[in-house]
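Once you've looked at the hints, go ahead and assemble the two chains, each given alone in its own frame, into the complex.
One line per chain: the protein sequences are A and B, in this order.
The opening residue of the first sequence carries number 1 in the numbering used here; numbering runs sequentially from there.
The opening residue of the second sequence carries number 1 in the numbering used here; numbering runs sequentially from there.
Quick caveat, the hints were computed from the structure, so don't treat them as lab data.
Just so you know, not all the hints are guaranteed correct.
[Said to hold, decoys possible] Here are the simulated SDA-like pairs of lysine to any residue, each with C-alpha atoms no more than 25 Å apart in a straight line:
#1 A/Lys256 - A/Tyr232
#2 A/Lys393 - B/Ile5
#3 A/Lys253 - A/Arg289
#4 A/Lys393 - B/Ala54
#5 A/Lys109 - A/Asp241
#6 A/Lys393 - A/Ala274
#7 A/Lys93 - B/Ala23
#8 A/Lys434 - A/Glu372
#9 A/Lys434 - A/Arg259
#10 A/Lys393 - B/Phe57
#11 A/Lys93 - B/Gln24
#12 A/Lys399 - B/Arg42
#13 A/Lys393 - B/Glu31
[Stated by the list, open to error] Here's a subset of chain A near chain B, in silico, CB distances under 8 Å, partners left out:
#14 Asp275
#15 Phe346
#16 Arg360
Owing to the predicted nature of the structure, the values given are computational and were not obtained by experimental measurement.
From the three backbone atoms N, C-alpha and C, an ideal C-beta is built for every residue, glycine too.
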Amino acid sequence: MAEFLTIAEASRLIADRRLSPVELTQSCLDRIGRLDDVLHSFLLPTPERALADARAAEARIMGGRSRGPLDGIPIAHKDIYNTAGIRTTGHSKLLEDNVPQRDSTVVRKWAEAGTVMLGKLATHEFAMGGPSFDLPWPPARNPWNPAHFTSGSSSGTGAAVAAGLILGGTGSDTGGSIRGPAALCGLSGIKPTYGLCSRSGVLPLSFTLDHTGPLAWSAEDCALLLQGMAGYDPEDPASADRPVPDFTADLAKGAKGLRLGVVRHFFEKDHPVADTTREHIDRALDVYRKLGAEIRDITISPIEDWHACGFLILTVEAYAIHEPWLKTRFNDYGELFRDRIALGGFVRASDYVQAIRRRRLLCLELQEAMAEVDILVSAVQPTEAPPIEQVPKWGTLEKPSFTIPFNLTGCPAISVCTGFGTGGLPLAMQLIGKPFAEPMLFRAAHAYETATEWRGRRPPLASA
Amino acid sequence: MKPKISEAAFAVLVEQTGLPLTAQQRATLYEAYPMVEAMVARVTQPLPREAEPALVFTAEVR
Chain A
1 MAEFLTIAEA
11 SRLIADRRLS
21 PVELTQSCLD
31 RIGRLDDVLH
41 SFLLPTPERA
51 LADARAAEAR
61 IMGGRSRGPL
71 DGIPIAHKDI
81 YNTAGIRTTG
91 HSKLLEDNVP
101 QRDSTVVRKW
111 AEAGTVMLGK
121 LATHEFAMGG
131 PSFDLPWPPA
141 RNPWNPAHFT
151 SGSSSGTGAA
161 VAAGLILGGT
171 GSDTGGSIRG
181 PAALCGLSGI
191 KPTYGLCSRS
201 GVLPLSFTLD
211 HTGPLAWSAE
221 DCALLLQGMA
231 GYDPEDPASA
241 DRPVPDFTAD
251 LAKGAKGLRL
261 GVVRHFFEKD
271 HPVADTTREH
281 IDRALDVYRK
291 LGAEIRDITI
301 SPIEDWHACG
311 FLILTVEAYA
321 IHEPWLKTRF
331 NDYGELFRDR
341 IALGGFVRAS
351 DYVQAIRRRR
361 LLCLELQEAM
371 AEVDILVSAV
381 QPTEAPPIEQ
391 VPKWGTLEKP
401 SFTIPFNLTG
411 CPAISVCTGF
421 GTGGLPLAMQ
431 LIGKPFAEPM
441 LFRAAHAYET
451 ATEWRGRRPP
461 LASA
Chain B
1 MKPKISEAAF
11 AVLVEQTGLP
21 LTAQQRATLY
31 EAYPMVEAMV
41 ARVTQPLPRE
51 AEPALVFTAE
61 VR
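With the rest of the complex left out, here is chain B (with noise of 0.2 Å):
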């Protein structure tokens, strides 16, 4: 499956996270990232505004 993203677009997500990446690398990722996408899509369905996370934030630390 070819990348939603261009791979000019890509490179600016390579290069926001820092990793040091040879060209092979970067290819080798940018190919995979059609999973990445797809999975995105399916998080990303429209929730009801006031679902809330399953992490939630509590005032006692423990």
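If we strip away everything but chain A, and leave its shape as in the complex, we get (with noise of 0.2 Å):
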């Protein structure tokens, strides 16, 4: 067996029954087992669950009744998801000790889809709150190298998935929590559309800003993850009632006649991104020009207008959700995710609504900014994933998001590995599409990586 698998590999492998699901979740369990004092990745792994799961898997595929590309997939859950009968904690003291009746219906699918579960990874706390030195569990780990930070809050999914410990796992964004994670492992992450894929029995932390979505290690992969979990569910007020499309159809047409709209007043001007940033990109874009995509430059309201917007609605609509909580338990919450969320204690109701007036208005003004193109193109993170020690309190605050805006407009984006920086740690772009758009996503993202080296790199720490 091949040292590192992408779903694709493996699932084509399963069913040709020359890999066995059986050997390779104990190869993910033997991986955890030897990387994961170091990456903390894992808050609860559930190795007696992945051998059922997969034997299980096992006696399907050999009986001829495979359930699908999933089948036999090691996979594992961010820790907000719900997990019918194991513990479930938001990665948080307050939820310690909760063990939910019922799964969240993402993880009902995936297990439906025949994935093999792993157990569930670390989180920043509540999707929020980190990276934070005060909770019950340490904050996981960059396997590119240990010592820096793995963005979040989908940390532990973020690392897992790089090392190689699992295949593929969910994530959440509600302000870039898929595609932060995403980029600074190095990986492929797309946070779908709003109504997309269900937020039932995922806990919430901003009812109009959260997604899930899933974290792999190419856009065909997550394309793969992706069409397990979407769908439209009843038990999801924002649930979108339409069919679902073949999110692998459109994968082999490649970049030609994309048109790609390059928001760089974001990256260049608003909120200047680190020169080794900025020139993968532009590198990238010069590789969809070689592949016959069309490229300009998009002009819309600065990033600090779509920052601020979406991170007082963000901010508000946690501190409703948290507050019982605040007001009891004030101190039971980590430092990071009391005090973020506290502020949202302070903004008058006419603020939030006239930021959700606000909202409409930039939904309106991207939606015409692309009527004449496919894609938009930004960053997603402003440089290397700096030390974990060195993350700010406020930083999530202080500067401008590169991925809030498209929690705002609801459109899908995916974060793309471009290389690596001057550190050696990963360094990505975002691409942008319109609603429901998600197979050109996964088309402009996957012709991307099969023109370029960079799927062909682990952290050198897993491949020892």
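If you want it as structure tokens, here you go:
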């Protein structure tokens, strides 16, 4: 068996009966045992459950009853997804002993697709407050350099996928929590269109900005995982009642003819990124030109406008969710979460309403800006991953976020690795699509990934 | 950056929330409050009177 497999590769080998789901699962469990004392990506491994799932998958496949491309694939869930009978904590002392009765919809759908569940993954506290060192569990570490940050909040998923402990996993994204870890851990991670994937049974942070989605090694893998989690769910009031497309259908179409609009002022003027980050985005655009894409610059409102609108809504909605516990168990939260969210309690109701009025105008503005292009291009993170001890407490609020604009608009957005910086850590760009245009987004991301060498490199720590 | 709001006025805000903050915690949040003031200033630029919110009420509840 190869040292590292993508989901697409493993799926083909399993279908051809050249790879045993039990052996694949055992190799992931061995890797967890070897590396996770350093990475802290798992809050709770579930090896017995994993091997039971793997044996069941193997029996189905050997009996000619495969459930499809995810049957027998080792995954894990961010610890804000409810798992029946398995502790779900939000990485918080407040839910240290919480054992849900039911699976979240996405957990159930992946289980029905035949995935093998290896456990529950680290997150920032309640998907917001990290990296924290005052919680019952330590923060996840970046496999490219464990002294460095994974970004968050889907930090455990980012670390575990990059190190090959799992082949894919769930994340959630309220202001960038899938795309950030995907970027800093060198993965692919998609925040799907708002309403495409159910949020039912997932601990909420901000009702109107929360998205569920997958992280994996490649865009193709994300497409396969999204296929297993998308679809209407009557238990989620925001769920979109519309047919689910084939997310892999356009992967082979290449980038020829795609029209890319670069929101250059976001990352050059409004919030200038590191030179290497910008240079790698420009090199990626050169790749797209060679592949036959058309590229132009697009100008929209300054990123500070999007950031202000997004974070006001986020903090107010999160405060409303957590207010009862903030009033009674304030000091049971980690410092980062409680202080960031407490600010939401000081926002006037009329200012929140103005923010959601502004949000609609920003959505209309983006729709108009995308009329003549298929995909937008921007940054995900300003630099390579910083040392984890140096992440500023107020960093997510002080500097404009490159990702929250597309939580505001609900558009699908994917992080794509663009290479490695001077510190040897991953760099990334963000591709943004029109609502429910995930197949085109996967097409563009896959075209770039297959035209470049970056998917061939894994963290040295995991390869040793 | 110094907050535009006075410490006394901020104390009233804290009182209204009912959060059980220590003096140190209140001071920390007071120092961070300019970030909220800056965000509020951006979203409260004048809007057309007819600008509807992004979240609209629908009579059919799912």
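Hints, verified against the model:
Taking the CA atoms of A/Lys256 and A/Tyr232, the gap is about 32 Å. The hint is violated against a cut of 25 Å. Of the pairs offered as hints, the one joining A/Lys393 and B/Ile5 holds, with about 22 Å between alpha carbons and a cut-off of 25 Å not exceeded. Simply put, A/Lys253 and A/Arg289 have alpha-carbon atoms about 15 Å apart, close enough for the 25 Å limit, and the pair holds. With a C-alpha separation of about 30 Å, the suggested pairing of A/Lys393 with B/Ala54 is violated against the 25 Å cut-off.
A hinted pair counts as satisfied when its Cα atoms are at most 25 Å apart, and A/Lys109 with A/Asp241 qualifies at roughly 17 Å. Pair hint A/Lys393 plus A/Ala274 holds up; C-alpha atoms about 20 Å apart against a cutoff of 25 Å. Note on A/Lys93 and B/Ala23: the hinted pairing holds, with a Cα-Cα distance of about 23 Å set against a maximum of 25 Å. The straight-line distance between the Cα atoms of A/Lys434 and A/Glu372 is roughly 11 Å, inside the 25 Å bound, and the hint therefore holds.
About 12 Å separates the Cα atoms of A/Lys434 and A/Arg259, which keeps this hinted pair within 25 Å; it holds. For the hint linking A/Lys393 to B/Phe57, the alpha-carbon distance of about 36 Å lies beyond 25 Å, and the restraint is violated. Straight-line distance between C-alpha atoms of A/Lys93 and B/Gln24 comes to about 22 Å, which keeps the hinted pair within the 25 Å bound. Restraint check for A/Lys399 and B/Arg42: the C-alpha separation of about 14 Å stays at or below 25 Å, so the hint holds.
The straight-line distance between the Cα atoms of A/Lys393 and B/Glu31 is roughly 12 Å, inside the 25 Å bound, and the hint therefore holds. A hinted interface residue such as A/Asp275 counts as satisfied when its beta carbon comes closer than 8 Å to some beta carbon of chain B; here the least separation is about 27 Å, so the hint is violated. Checking A/Phe346 against chain B by beta carbon gives a least distance of about 5 Å; that is within 8 Å, so the hint holds. Checking A/Arg360 against chain B by beta carbon gives a least distance of about 4 Å; that is within 8 Å, so the hint holds.
Comparing the model with each numbered hint stated earlier shows that hints 1, 4, 10 and 14 do not hold.
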